[in-house]
Amino acid sequence: MQLIPCPWCGPREEAEFHYGGQAHVAYPRDPSALSDEEWARYVFFRENPSGPFAERWSHSAGCRRWFNAVRDTRTHDLLAVYRAGEPMPEVTA
Amino acid sequence: MTSTDQPPGAHLPEPPDFLWDNPEPKASYDVVVVGGGGHGLATAYYLAKVHGITNVAVLEKGWLAGGNMARNTTIIRSNYLWDESSGIYEHSLKLWEGLEDDLGYPILFDQRGVLNLAHSLQDVRDSVRRVNANRLNGIDAEWVDPAGVKEICPIVNTSPDVRHPVLGATYQPRAGIAKHDHVAWGYARAAHAMGVDLIQNCEVTGLETLQGRITAVRTSRGRIAAGKVALCAAGHSSVLAKMVGLRLPLASHPLQALVSELLEPVHPTVVMSNAVHVYVSQAHKGELVMGAGIDSYNGYGQRGSFHVVEEQMAAALELFPVFARAHLLRTWAGIVDVSPDASPIVGLTPVGGLYLNCGWGTGGFKATPGVGDCFAHTVANDKPHPYNEPFTLERFTTGALVDEHGAAAVAH
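These protein sequence lines map, in sequence, to chains A and B. Under our numbering, the residues of the first sequence are numbered 1 to 93, in order. Under our numbering, the residues of the second sequence are numbered 1 to 412, in order.
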């Protein structure tokens with residue numbers, strides 16, 4: 001069981017959290033202007049790196065707030081945790 | 001089937017002798033297959049056997065069949081809902097049925113049947129719908145009530161007094177299991193005999209293209225020129241595709257499984273449950289092999305979360321109270337490449353001579369012969385086989401998805 005450091009509640013067990021996939025995926029600015037190809041990119045295509053990955057988590061059994069984390073997908077090490085709306089910090093894997 | 005008058009494992013074939021060489025990679029090949037698991041080995045085998053393309057290398061970064069091929073729960077079935085999936089999985093099942101003779105090698109394919117349990121009224125309706133769909137596609141399937149479940153697998157708890165009672169199940173009698181190592185060895189041996197080079201400890205570090213066409217792979221053992229490159233790297237497909245700037249609609253997740261100590265034969269079939277989430281069979285030697293769901297997060301670490309195993313064990317014990325005192329022997333995780341519609345991506349890419357076989361998620365093992373055959377056809381002819389034609393990368397743009405979340409039997 002991993003401990004995930006919720007930015008509001010501190011370290012809590014992984015089972016309290018819900019995973020939200022890649023972070024910083026912005027809703028299209030002008031949705032009606034998108035081609036099918038661009039919609040497909042927005043809806044279905046995500047980064048899937050072997051290494052540091054910026055992703056969203058919700059502390060669903062705690063404060064119920066969403067936040068972002070940079071996690072190394074090879075080791076599961078959480079390299080940074082930051083609040084939604086904040087820019088992704090620089091990390092070294 | 002296992003005979004009860006022998007100790008567990010006594011009917012297994014002897015461990016294999018030497019089955020292939022470890023050649024140095026040549027400077028170039030007609031086809032380089034990336035990934036030496038079941039899919040890669042089967043693809044190479046059918047390239048050589050069906051299409052006469054033998055100047056082929058299979059590159060494996062670790063050891064042959066040491067990735068997901070060594071980490072799955074070996075379940076084989078074709079009871080998928082949609083015509084597209086039925087096509088390729090049933091094609092595969094038919095090849096499984098003749099594979100031992102085809103390869104001239106024991107793979108211990110055992111058609112002991114699979115039960116997919118239903119625990120709610122909606123489960124029941126979905127299951128009956130799937131049985132009807134299967135039958136329309138010529139696939140053996142039946143709906144059995146709780147008494148029927150008990151008859152097929154007496155150790156399932158069919159009491160109505162549990163939290164998620166068994167309300168019935170779909171049953172596919174032709175489904176079963178095979179011995180995964182032997183499947184890989186059988187393909188490797190047969191491919192090697194036709195001239196395919198099986199190159200282990202050879203990690204692909206780059207893909208070279210010229211004017212939109214693949215020309216070579218760069219590896220930890222040097223550069224290898226390639227007329228065509230066929231990707232069969234499951235969980236690492238995104239990493240490879242990115243080498244040519246190709247983004248894939250995939251997420252790689254750990255999928256956990258575990259085995260118990262060796263037990264006498266107690267479990268005659270395969271039992272799967274989506275709702276409480278466990279799937280169980282008894283291996284040829286006697287271990288109970290149990291699969292879980294995927295871990296929610298992306299990961300490449302080949303280990304998963306303890307709480308997933310805990311939930312899986314809780315489900316197993318509710319369904320099979322008889323397992324309560326079995327000891328857990330070991331747990332592991334494989335990295336599965338999950339696509340948004342729980343269906344594979346098999347076919348051409350925007351890069352000439354580069355072919356994609358990925359997105360099998362949690363269900364790749366059962367597809368091994370079928371996808372090997374169809375993917376070899378795709379690579380040899382530069383166009384998809386009819387069975388993998390629906391599984392293009394373009395379907396995520398056109399919207400022609402093949403949504404098999406309901407039949408995948410693993411929540412993902």
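Just so you know, these hints were derived from the structure itself, not from any lab. Using N, Cα and C, we set each Cβ at its ideal position, and we do this for glycine too. Possibly wrong hints are sitting among the right ones.
[Stated by the list, open to error] Computed cross-link-like contacts, EDC-like style, restricted to lysine to aspartate or glutamate with a CA-CA straight-line distance of at most 20 Å:
| # | chain 1 | residue 1 | chain 2 | residue 2 |
| --- | --- | --- | --- | --- |
| 1 | B | Lys242 | A | Glu14 |
| 2 | B | Lys179 | B | Glu287 |
| 3 | B | Lys242 | B | Glu287 |
| 4 | B | Lys242 | A | Asp30 |
| 5 | B | Lys242 | A | Glu37 |
| 6 | B | Lys242 | A | Glu13 |
| 7 | B | Lys94 | B | Asp110 |
[To be verified] Residues on chain A that point at chain B, a partial pick, calculated with CB under 10 Å:
| # | residue |
| --- | --- |
| 8 | Ala15 |
| 9 | His18 |
| 10 | His24 |
| 11 | Ser32 |
| 12 | Ala33 |
| 13 | Asp36 |
| 14 | Phe45 |
| 15 | Pro49 |
| 16 | Ser50 |
| 17 | Phe53 |
| 18 | His59 |
| 19 | Cys63 |
| 20 | Arg65 |
| 21 | Asp72 |
| 22 | Thr75 |
| 23 | His76 |
[To be verified] So, partial list: chain B residues that the calculated Cβ filter (under 8 Å) puts toward chain A:
| # | residue |
| --- | --- |
| 24 | Ser238 |
| 25 | Gly245 |
| 26 | Arg247 |
| 27 | Leu250 |
| 28 | Tyr297 |
| 29 | Asn298 |
| 30 | Gly299 |
| 31 | Tyr300 |
| 32 | Thr392 |
| 33 | Phe396 |
(request) Classify the hint on His24/A as holds or violated, based on whether any CB of chain B lies nearer than 10 Å to its CB. (result) The hint is violated - His24/A has no Cβ within 10 Å of chain B, the shortest such distance being about 15 Å.
(message) Hint validation: Phe396/B versus chain A, beta carbon distance must be below 8 Å. Holds or violated?
(response) It holds, given that the least Cβ distance between Phe396/B and chain A is near 5 Å, below 8 Å.
(request) Grab the minimum C-beta distance from Leu250/B to chain A and call the hint holds if it beats 8 Å, violated otherwise. (result) 6 Å, holds
(request) Using Cβ atoms only, decide whether Asn298/B comes closer than 8 Å to chain A, and label the hint accordingly. (result) Since the shortest Cβ distance to chain A is 5 Å, the answer is holds.
(message) So if I understand the rule, the pair passes when the alpha-carbon distance is 20 Å or less; does Lys242/B with Glu37/A pass?
(response) 18 Å, holds
(request) Using 10 Å as the Cβ threshold, decide whether Thr75/A counts as touching chain B. (result) OK, holds: Thr75/A within 10 Å of chain B, min 6 Å.
(message) Holds or violated: the hint that Ser238/B contacts chain A, with Cβ atoms closer than 8 Å.
(response) Hint on Ser238/B: holds, closest Cβ of chain A at ~4 Å, below 8 Å.
(request) For the hint on Ala33/A, just tell me whether its beta-carbon gets within less than 10 Å of chain B. (result) 16 Å, violated
(message) For a C-alpha distance cap of 20 Å, please report whether Lys179/B and Glu287/B respect it.
(response) 13 Å, holds
(request) Would you mind confirming whether the straight-line C-alpha gap from Lys242/B to Asp30/A stays at or under 20 Å? (result) The hint is violated at about 28 Å.
(request) Have a go at the Asp36/A hint: is there a Cβ in chain B nearer than 10 Å to its own Cβ? (result) 5 Å, holds
(message) Quick check on the hint: Asp72/A CB to chain B CB, less than 10 Å?
(response) 9 Å, holds
Hint compliance for this structure: hints 1, 3, 4, 6, 10, 11, 12, 18, 19, 20, 25 and 32 are broken, all remaining hints hold.
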